[in-house]
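Protein chains in written order, with numbering that gives the first Met the number 0: chain B, 0 to 156; chain P, 0 to 156.
Think of the hints as simulated: they come from the structure by calculation, not from any bench. Wrong hints could be hidden among the right ones.
[Said to hold, decoys possible] Here are the computed lysine-lysine pairs in the BS3-like style, where the Cα-Cα straight-line distance is at most 27 Å: (1) P:Lys38 <-> P:Lys20; (2) B:Lys116 <-> P:Lys116; (3) B:Lys116 <-> P:Lys73.
Note that the structure is predicted; figures quoted are calculated from it, not measured.
There are 2 protein chains.
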Amino acid sequence: MTPDTLNTPRGGEMVESDFLKQLAAVIRAEDSYGQWDGKTDADIMAEFIVTKEERREIPIIGDPDPDVMWRVSKFYDAIGLMIEKRTGCMASQMQKMSHEGFGRVVLIAGKLVVVSKHLRDIHRFGFESWEKLAEGGEKLIASAAETIDAHPAAARG
Amino acid sequence: MTPDTLNTPRGGEMVESDFLKQLAAVIRAEDSYGQWDGKTDADIMAEFIVTKEERREIPIIGDPDPDVMWRVSKFYDAIGLMIEKRTGCMASQMQKMSHEGFGRVVLIAGKLVVVSKHLRDIHRFGFESWEKLAEGGEKLIASAAETIDAHPAAARG
Numbered sequence: 000m001t002p003d004t005l006n007t008p009r010g011g012e013m014v015e016s017d018f019l020k021q022l023a024a025v026i027r028a029e030d031s032y033g034q035w036d037g038k039t040d041a042d043i044m045a046e047f048i049v050t051k052e053e054r055r056e057i058p059i060i061g062d063p064d065p066d067v068m069w070r071v072s073k074f075y076d077a078i079g080l081m082i083e084k085r086t087g088c089m090a091s092q093m094q095k096m097s098h099e100g101f102g103r104v105v106l107i108a109g110k111l112v113v114v115s116k117h118l119r120d121i122h123r124f125g126f127e128s129w130e131k132l133a134e135g136g137e138k139l140i141a142s143a144a145e146t147i148d149a150h151p152a153a154a155r156g
Numbered sequence: 000m001t002p003d004t005l006n007t008p009r010g011g012e013m014v015e016s017d018f019l020k021q022l023a024a025v026i027r028a029e030d031s032y033g034q035w036d037g038k039t040d041a042d043i044m045a046e047f048i049v050t051k052e053e054r055r056e057i058p059i060i061g062d063p064d065p066d067v068m069w070r071v072s073k074f075y076d077a078i079g080l081m082i083e084k085r086t087g088c089m090a091s092q093m094q095k096m097s098h099e100g101f102g103r104v105v106l107i108a109g110k111l112v113v114v115s116k117h118l119r120d121i122h123r124f125g126f127e128s129w130e131k132l133a134e135g136g137e138k139l140i141a142s143a144a145e146t147i148d149a150h151p152a153a154a155r156g
């Protein structure tokens, strides 16, 4: 471990990202009483960061924690809202989860599946750094926009 | 009540229907020990019939019965298999259910949503007669085939 890694906050430096802003907004939307008003975006999104060390320590036995399922939903809600902002097509989420932490999440715009993700080890859902969280989101949004471009009639169907 | 209605079996006369045969096959596929071998298709599908009188007596309070959810799944599994037989496109099912008996079921082929059904009063899921059950299934299958015809690239995507 170098002095550099010791000084780096968990999740690395916060990055500038439209997706991260959207995710923070989705989470703040649930804060009806303003209890998180004093908290930073990094504070309220802290649980989306799962470092390599933390990942190893999370058991993948039994049903995933409801908190993890909540984070998965919020992540894809934020993706859906960004898709709507970029393409004008509203995308709604559906999930299919098994009890063992396997599952599938889709975002549907009209008749078109714009995001389809098979998940495994949902117990460990999270990203190593803010940069990877932002990139992960942006990639899904860009791919959804391409899918809508390729099948515009189905997306509006 | 006329002598005629008195003599008619529950659900009316059984009708000849590829969909009903498929539904019966989907249900028999779960009968690993052959316990239903002596039963007719009408016997094993009896719970899909809900007459008007029965419907009124089913409360729609609380979570829908797991048996009802099972029947909804089997119904749409059979629809999916018929879509595959008719179009060659495999369609997989996803559900989103609330605790109050509202929900949505979709069948997805490739990137295309070929069936999308918003359900309400799932507690009362069923059909008045064999004829209506067969018609309900055939209609969804025909509509899915049309959707695939209209968006072939997305269905294979």
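Against the structure, the hints come out as follows:
| no. | hint | verdict |
| --- | --- | --- |
| 1 | P:Lys38 <-> P:Lys20 | 14 Å, holds |
| 2 | B:Lys116 <-> P:Lys116 | 22 Å, holds |
| 3 | B:Lys116 <-> P:Lys73 | 24 Å, holds |
Hint compliance for this structure: every hint is met.
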